[in-house]
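A.B. asks: The primary structure of each chain is shown beneath.
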Amino acid sequence: MAEVTVENSITPEPKGNVVSRFVWTYVFATDHKVIGLQFLFSSLIWFFVGGFLALAVRWQLAWPWSDMPIFGHMLFAESGGQMSPGFYNMLFTMHATIMIFFVIIPILAGAFGNYLISLMVGGEDMAFPRLNMMSYWFMWPAFVCIILSFFMPEYGAAAGWTSYPPLSVFQGDAQSLWLLAMVFVGISSMMGSINYLTTIIQMRAPGMTMFRMPMTVWGMFITAIMQAFALPVLTAALLMQLSDRLLMTGFFLPENIAVNNGVATSGGGQVLLWQHLFWFYSHPAVYIMILPAMGMVSDIISCFSRKPLFGYRPMVYSITAIAGLGFIVWGHHMFISGMNHTLAMSFMVSTMLIALPSGIKVFNWIGTLWGGKLQLTTPMLFCVGFVSMFVIGGLSGIVMSAPPVDIVIHDTYYIVAHLHYVLFASSVLGVLGAIYFWFPKMFGRMMNEKLGKIHFFLTFVFLNGTFFPMHFLSRMPRRVADPYIYEGLKDLLPLNQFMTICAIGMGLTQLIFVANFFSSMFFGAKAGRNPWNANTLEWTTVSPPPHGNFDVQPIVRRGPYEYSHPSTECDFFPQTETS
Amino acid sequence: MNRFWSVLFLLVPVLGIASVLMAMYGVAPLESAWLPKSLSQAGDTIDQLFNGIHLLSAFILAGTVFTIGWALWRFSDRGDSNEKALYVTHNTKLEITWTVIPALILIFLAFFQMKSWAENKMDRPTVTVDGVTDFKPPMVMVKAKRFGWEFYYAGDDGVVETEDDIFVENLLVLPAGEEIVLQMESRDVIHSFYVPELRLKQDIVPGMTQFVWFNAREEKEIEIMCTELCGWGHYMMKAKLNFVSRAQFDAWIEEQKSAYSPEFKNEAEPAAFLRESNKSFSAKLSNVARPLLKLKIN
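Just so you know, the protein sequences line up as chains F and Z, in that order. In this note's numbering, each number is its position in the first sequence, counted from 1, plus 14. In this note's numbering, each number is its position in the second sequence, counted from 1, plus 57.
No lab work stands behind these hints, which were simulated from the structure alone. Possibly wrong hints are sitting among the right ones.
Claimed, not checked - Across the chosen pairs, the derived CB separations fall in these ranges:
1) Met179(Z) with Phe55(F): 28 to 38 Å
2) Met224(F) with Glu88(Z): 46 to 56 Å
3) Gly215(Z) with Leu261(F): 40 to 50 Å
Stated by the list, open to error - One side only, chain Z facing chain F, incomplete, derived with CB under 7 Å:
4) Arg60
5) Phe66
6) Leu106
7) Phe116
8) Ala119
9) Phe123
10) Thr124
11) Ala142
12) Ala160
13) Ser173
14) Ile247
15) Gln259
16) Gln267
Computed from a predicted structure; not experimentally measured. Idealized CB from N, CA, C, for every residue including glycine.
Isolated chain F, as found in the complex (with noise of 0.2 Å):
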């Protein structure tokens, strides 16, 4: 076949000085990977502040009200630098936005969507490069409301990233920004999933087929999916909050309830309907922050057991069967909500059923591991913790499943326990697996070794004494300021201080990684086309790969976990070779 010289038609190489340059190269960019690190960029910045937050949430709870570190006497000078009752609410409603909306979806789905599926499934860039770049632009309205409620009475939004209504209608300013952000953040996520899916529909390379993808493309293939569904659900009733709190109308607030000696509201509506849409969203959401991840954990699991993907078929199923049911379990979340109690019965059942794809998939991981010839290198490390913390986070899962367990350990620290196993413990593990992955893709240099198996062993440790001891406190409320005013929660206090030292520890650690991107940023080894032997089209083209991503248009012939193959003298078979 005729070997095809891709042309660069998208946008005119940058001219001019220095300013211009770097206003058309980073500010109307439309090259996918330019999008894909600006994502990225953004969403680790996000992810410190998010971090902080979250060790001011541990400092109340080990120390409470207890003189804030730094930040005390800056906000509460008047009251001796402690932090008001307000303000921790404040704290982990903008932890669990900024974690989620900011940090784990922009993450996965924008920086790694965007970088990976245009290189990997051999397409010279997204098939909408200027809606591309629109979705990057919605998320700075998100960043400046969210900035702009910082510095809103309470500063900030603090009725919970569930926002549940009569409540969060009640609440200050700060929320309405809250929910304008979440609009905006909506937005861009939902033209990244148009173009994913048009991209992975339309733009895959001659002879690559649906079935010859790699695990990371489904993934990203079937979340853009379930963005494209669940998002205008979210918008809708994000709309209909913000329009009862200012325009008066009464979506969720019924007769006669009154907050603050305010009047009574004009009511008409119903307070359950929020949790039903949210939920409907929100819980898909929870596989649009693992799916991805699970996807790139599969890609390089394979690589460095030097093995095809066990059952690679089923894995795309089980993926499927995920989405799907993904998409009947919302109720979960409301067992003891008032919601019809027949009805939970149902959700139990399927909340149920989505533990056999998840299981499917734990157990295809182990299978490619067994036999292999397994290769610690730091992403793998991160990826095989990614394993092991999500059999934790989905067996919890299993037990919260069960109505009756549910009764004791709805809205208690055992919730965020799970939670954390499954957002932290897996995600962000897949996440920071992936970032040392594709590190050299992305700059061109390896990150160092070292330093990342010391950041591996101090997250994994840490991260476990902060999220393990949760399971403990199932009798323990979350949201709570001072869960030491209950008589019975006193004896927890020692168990929560071990917990927050661990937690310190976790965001210390992480400065590790800090200084590892960027000194390998600038000064790492050189990194090949290939550093890794990896099979999929990525790895085909230079390191950082130039705008239009291919010197030869890759002719794809055989799926992407040919390793080892017999037929083979080394132990790759790159997915363009000919045999």
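Following the hints, complete the assembly by docking chain Z onto the known chain F.
C.D. replies: Chain Z only, in chain F's frame:
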């Protein structure tokens, strides 16, 4: 170094299971960490489920993560052989096995727990009077408000929300050894009624009426927690719950009748009533800025 990482992963199931068992069987330092001692029959059933599912999970955790650690130990590349990794792409029989076995376990779990859920949330107690069976009338009407609990005991007529209700704030005294039904409503935002010892939790949603029922087997002083974020004072929304003997309870109720004259006027003029009852309360809240709400009032 490879051995080090395999040991690290092997430690996960070992420490995980050890701590689960310690919490379950009350071994220090986790002896009091998990759930407090159950006070009711329904709570015991939930505990059995809770412990049973945890044991099962611990077993599965051990199996999977141990296999991961062992695979790392066994199959790490130590650079001492030129042999390639096993080339295996899939195994349909294995896939079916590890789909069907968990499916059977989950179906069993799903059916097994339905009874407990029904007992706790669906089968509201009934009484039969003169051959007519009806729901057992609630003994107390719980009104949740920011940031406290109001309890209205049914007076002599045995019906809540009438003129002779007995009002008590942030203290619920109930007879032990009897099936008790509470009716719950919210005055403002969502609250949640949580008593860990009774394994009882129910959100109280404005605009809806909830019923809970329980039967405490011993006399004990415990606490009611609010487990749904209801504003800045959410953390201090607690009430005492005292289970006493029937005789003590009757004496206490008499005491309350003389001590406090309730003015519960239901449905008369709801909006005005709510404003009245919130007045003292709002004084405490005046330091919190509510610019938007002010806008609404003006």
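A.B. asks: So, for every hint listed, does it hold in this structure?
C.D. replies: Hint check results:
{"no.": "1", "hint": "Met179(Z) with Phe55(F): 28 to 38 Å", "in the structure": "52 Å, violated"}
{"no.": "2", "hint": "Met224(F) with Glu88(Z): 46 to 56 Å", "in the structure": "55 Å, holds"}
{"no.": "3", "hint": "Gly215(Z) with Leu261(F): 40 to 50 Å", "in the structure": "45 Å, holds"}
{"no.": "4", "hint": "Arg60", "in the structure": "10 Å, violated"}
{"no.": "5", "hint": "Phe66", "in the structure": "6 Å, holds"}
{"no.": "6", "hint": "Leu106", "in the structure": "5 Å, holds"}
{"no.": "7", "hint": "Phe116", "in the structure": "10 Å, violated"}
{"no.": "8", "hint": "Ala119", "in the structure": "10 Å, violated"}
{"no.": "9", "hint": "Phe123", "in the structure": "10 Å, violated"}
{"no.": "10", "hint": "Thr124", "in the structure": "5 Å, holds"}
{"no.": "11", "hint": "Ala142", "in the structure": "4 Å, holds"}
{"no.": "12", "hint": "Ala160", "in the structure": "6 Å, holds"}
{"no.": "13", "hint": "Ser173", "in the structure": "4 Å, holds"}
{"no.": "14", "hint": "Ile247", "in the structure": "6 Å, holds"}
{"no.": "15", "hint": "Gln259", "in the structure": "6 Å, holds"}
{"no.": "16", "hint": "Gln267", "in the structure": "6 Å, holds"}
Figure legend: structure checked against the earlier numbered hints; hints not met, in rising order: 1, 4, 7, 8, 9.
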